[in-house]
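**Q** So the protein sequences, as listed, match chains X and Z. If you're matching positions, the first sequence starts at 1 in the numbering used here and goes up one per residue. If you're matching positions, the second sequence starts at 1001 in the numbering used here and goes up one per residue.
Treat the hints with caution; some may be incorrect.
Unchecked claim - Restricting the straight-line Cα-Cα distance to at most 27 Å, the calculated cross-link-like pairs of lysine-lysine (BS3-like) are:
| hint | chain 1 | residue 1 | chain 2 | residue 2 |
| --- | --- | --- | --- | --- |
| 1 | Z | 1003 | X | 3 |
| 2 | X | 259 | X | 286 |
| 3 | X | 238 | X | 171 |
| 4 | Z | 1238 | X | 130 |
| 5 | X | 130 | Z | 1259 |
| 6 | X | 238 | X | 3 |
| 7 | Z | 1238 | Z | 1217 |
| 8 | X | 286 | X | 324 |
| 9 | X | 3 | X | 105 |
| 10 | X | 217 | Z | 1324 |
| 11 | X | 217 | Z | 1130 |
| 12 | X | 324 | X | 3 |
| 13 | X | 171 | X | 3 |
| 14 | Z | 1130 | Z | 1003 |
| 15 | Z | 1130 | X | 130 |
| 16 | X | 3 | Z | 1217 |
| 17 | Z | 1171 | Z | 1286 |
| 18 | Z | 1130 | X | 324 |
| 19 | Z | 1130 | X | 3 |
| 20 | Z | 1324 | Z | 1286 |
| 21 | Z | 1171 | Z | 1130 |
| 22 | Z | 1003 | Z | 1105 |
| 23 | X | 3 | X | 217 |
| 24 | X | 130 | Z | 1105 |
| 25 | Z | 1238 | Z | 1324 |
| 26 | X | 324 | Z | 1217 |
| 27 | X | 217 | Z | 1003 |
| 28 | Z | 1259 | Z | 1130 |
Because the hints were derived from the structure by calculation, they are not lab data.
2 protein chains.
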Amino acid sequence: MSKPAVMVIVIGTTDISLIPGISVAGATPEMTHYTPALDVEYLIYGRPRTLDIIPVTPTGIPTPALVTRAVAYDVPKLVANAGSRVPPRCPYVDLGGEPGRDFRKEPALNCGAAEELVQRGTALGEELGKLGVVYIGESIPGGTTTAMATLIALGYDAWGKTSSASPDNPKELKTQVVREALGRLGRAPPLDPLEAVCEMGDPVHVAAAAVALGVAKAGGTPYLAGGTQMAAVAAIYKALGGDVARLHVVTTRWIVEDKTADFYGLMEAVGVRHVHVATVSFAASKHPGLRAYEQGAVKEGVAMGGALYYAQLIGRDALANVEKEYERITNLTRRKDF
Amino acid sequence: MSKPAVMVIVIGTTDISLIPGISVAGATPEMTHYTPALDVEYLIYGRPRTLDIIPVTPTGIPTPALVTRAVAYDVPKLVANAGSRVPPRCPYVDLGGEPGRDFRKEPALNCGAAEELVQRGTALGEELGKLGVVYIGESIPGGTTTAMATLIALGYDAWGKTSSASPDNPKELKTQVVREALGRLGRAPPLDPLEAVCEMGDPVHVAAAAVALGVAKAGGTPYLAGGTQMAAVAAIYKALGGDVARLHVVTTRWIVEDKTADFYGLMEAVGVRHVHVATVSFAASKHPGLRAYEQGAVKEGVAMGGALYYAQLIGRDALANVEKEYERITNLTRRKDF
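All chains should be built: construct the whole structure from the sequences, respecting the hints.
**A** What follows is the structure in structure tokens.
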């Protein structure tokens, strides 16, 4: 019984994504602030509303929301906004947070906002947990950097261990950013969980952790659907008193095979026992934009791994569905370059 | 199979509730603008957050949210904010609407807001409809007046046929309010559905209709959980192209037995075929505040009828649960006067 009763996509932004070179979750650094809104608008409506642009990487590889929409079309989806500079124009649960700031210069969040995210996220999880298995995904450009920072702030050795949506993981830049944040802080980790989040986190990971806490509290089973960022979510969940033995993580083969990161090492460090991997390959796709996933582009996001794992569980042909949707959106946007 | 997979409470305010004597959904006319937020905060958390006050009528009879919380504790609940002057401090789905204005003086809603409510409400319903049966409740003080106005604007003879949370239905005042609105409008009904809503409606009924539309579109079954207001919701649903034969309404005995209104007449006029009634009596309660329900206080709201009907379906002792919760909140608020 690991099929999702419902899927929650927690979105938000961090100004860390504006640092040139740190995120490819958008065509330019500025566009990364639109990516979460566009992702979920597209996921819900089949086309974005805020701008008529489906998010792509700088080399034109489309958002993982495409895969989630294509293969998990029959799973109820809820968007939860933890703090996005661009609020989405679709139904979304307001968790009362705020966008994350550049934590090299100042704390990422006001602690009041982080506390509100914990309170509302837990309450949302408690309702949804009554349904059973809840998949919890994310869309936050810059999230692998904030995940590394949060894990380090919580006392884990996560230096250079988080993944990237780029085939060329900018690990030195990320490491430098986290070092600068620690320098500003002027104290050595570990910090307590809310302090770690407020100083060096972002709105999404703490909100996702709170939803997972609520799901478990209600007797449901939380599945964190994402890559190495979910180690940070699991670490916050654990630090807030969650039973990590009840937590599941579900992701893609592209994440676990990423040699620039250490997905399993992070999961082991945090104590996550239940890891599920979607094993599908896009190598045989007729579309270069999808074959790029096999070269390490994108890898995760918007619960793609969870959606693919669900398809695997029920025997649905993921690639056929993804190709069909890929063709639909290519026609929709009249772009031939991806 | 009429048990709810999930329950959505659509909230909002209308300035119609500020007209003295029109609504008892709050201790004073001004307090009615807090009622939806306090209702759902209490429903989700077990105690309100915006103010430490559980909504009561001017004579101290507690909100129907008490009953919903007490008897449907295992049903997942989602709050959807269609437009409330006081946004609730709990997780809620933002449907992009706005509070309703006093339609004696100006249109109730900007049509852009009403269209957004239709779009987002339908999208939310399409997701939740994948779960099966969706109960859709409301909290909007003044809602029986806006319901009468909307029905009349859509061409139904609803004059004096909607109910009231008061044992003394202020029908003349309501009728006068609707007449003034028609006078301002200067045109005879019927209006087209969005125009009826923008001119003489409120944010909640159109949003609830949109959620129901989406649920039906996704193959689920929409249950409107409320009293005579749901005739307006059903009429909007029908006017927007919804198949009224697929729509269910579930309410309390207190509504259908209300001699000051005509619940069944309105349902028949709109064409609703499936009506379910919770038959529980509070006559044997040891608490005067609950026995007051038998004298026509409150009657419906916050999906109370749906919650009681659900208890009836599964054989749960509603009154015992309600009394226990009543005692808990009486101690919580340290008030002995209700």
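**Q** If a hint holds in the structure, say so; if it doesn't, say that too.
**A** Here is how each hint holds up against the structure:
Distance hint between residue 1003 of chain Z and residue 3 of chain X is fulfilled; the C-alpha atoms sit about 21 Å from each other, no more than 27 Å. Pair hint residue 259 of chain X plus residue 286 of chain X holds up; C-alpha atoms about 26 Å apart against a cutoff of 27 Å. Taking the CA atoms of residue 238 of chain X and residue 171 of chain X, the gap is about 26 Å. The hint holds against a cut of 27 Å. Our distance criterion of 27 Å between C-alpha atoms is broken by residue 1238 of chain Z and residue 130 of chain X, whose separation comes to about 32 Å.
Restraint check for residue 130 of chain X and residue 1259 of chain Z: not satisfied, since their Cα atoms lie roughly 39 Å apart, outside the 27 Å limit. Taking the CA atoms of residue 238 of chain X and residue 3 of chain X, the gap is about 23 Å. The hint holds against a cut of 27 Å. For the suggested pair residue 1238 of chain Z and residue 1217 of chain Z, the alpha carbons sit about 13 Å apart, so the restraint of at most 27 Å is met. As the CA atoms of residue 286 of chain X and residue 324 of chain X are separated by approximately 11 Å, the hinted pair is consistent with the 27 Å bound.
Proposed proximity of residue 3 of chain X and residue 105 of chain X is contradicted: the alpha carbons are some 42 Å apart, above 27 Å. Using a Cα cut-off of 27 Å, the hinted pair residue 217 of chain X and residue 1324 of chain Z holds, with the two alpha carbons roughly 22 Å apart. For a cut-off of 27 Å, the pair hint linking residue 217 of chain X to residue 1130 of chain Z stands: about 24 Å separates their Cα positions. A distance of roughly 23 Å separates the Cα atoms of residue 324 of chain X and residue 3 of chain X; the hinted pair therefore holds under the 27 Å criterion.
Taking the CA atoms of residue 171 of chain X and residue 3 of chain X, the gap is about 34 Å. The hint is violated against a cut of 27 Å. For the given pair, residue 1130 of chain Z sits about 14 Å from residue 1003 of chain Z by alpha-carbon distance, which is consistent with the 27 Å threshold. The straight-line distance between the Cα atoms of residue 1130 of chain Z and residue 130 of chain X is roughly 16 Å, inside the 27 Å bound, and the hint therefore holds. Note on residue 3 of chain X and residue 1217 of chain Z: the hinted pairing holds, with a Cα-Cα distance of about 23 Å set against a maximum of 27 Å.
Among the hinted pairs, residue 1171 of chain Z with residue 1286 of chain Z is inconsistent with the structure: their alpha-carbon atoms are about 32 Å apart, more than 27 Å. For a cut-off of 27 Å, the pair hint linking residue 1130 of chain Z to residue 324 of chain X stands: about 22 Å separates their Cα positions. Note on residue 1130 of chain Z and residue 3 of chain X: the hinted pairing holds, with a Cα-Cα distance of about 14 Å set against a maximum of 27 Å. For the hint pairing residue 1324 of chain Z with residue 1286 of chain Z, the CA-to-CA distance comes to about 11 Å; that is within 27 Å, so the pair holds.
For the given pair, residue 1171 of chain Z sits about 40 Å from residue 1130 of chain Z by alpha-carbon distance, which is inconsistent with the 27 Å threshold. A threshold of 27 Å between alpha carbons decides the hint, and for residue 1003 of chain Z with residue 1105 of chain Z the separation of about 42 Å lies outside it, so the pair is violated. Proposed proximity of residue 3 of chain X and residue 217 of chain X is supported: the alpha carbons are some 19 Å apart, at most 27 Å. Of the pairs offered as hints, the one joining residue 130 of chain X and residue 1105 of chain Z is violated, with about 45 Å between alpha carbons and a cut-off of 27 Å exceeded.
Proposed proximity of residue 1238 of chain Z and residue 1324 of chain Z is contradicted: the alpha carbons are some 40 Å apart, above 27 Å. A threshold of 27 Å between alpha carbons decides the hint, and for residue 324 of chain X with residue 1217 of chain Z the separation of about 22 Å falls inside it, so the pair holds. Distance check on the hinted pair: residue 217 of chain X and residue 1003 of chain Z sit about 23 Å apart at the alpha-carbon level, within 27 Å; holds. About 38 Å separates the Cα atoms of residue 1259 of chain Z and residue 1130 of chain Z, which puts this hinted pair outside 27 Å; it is violated.
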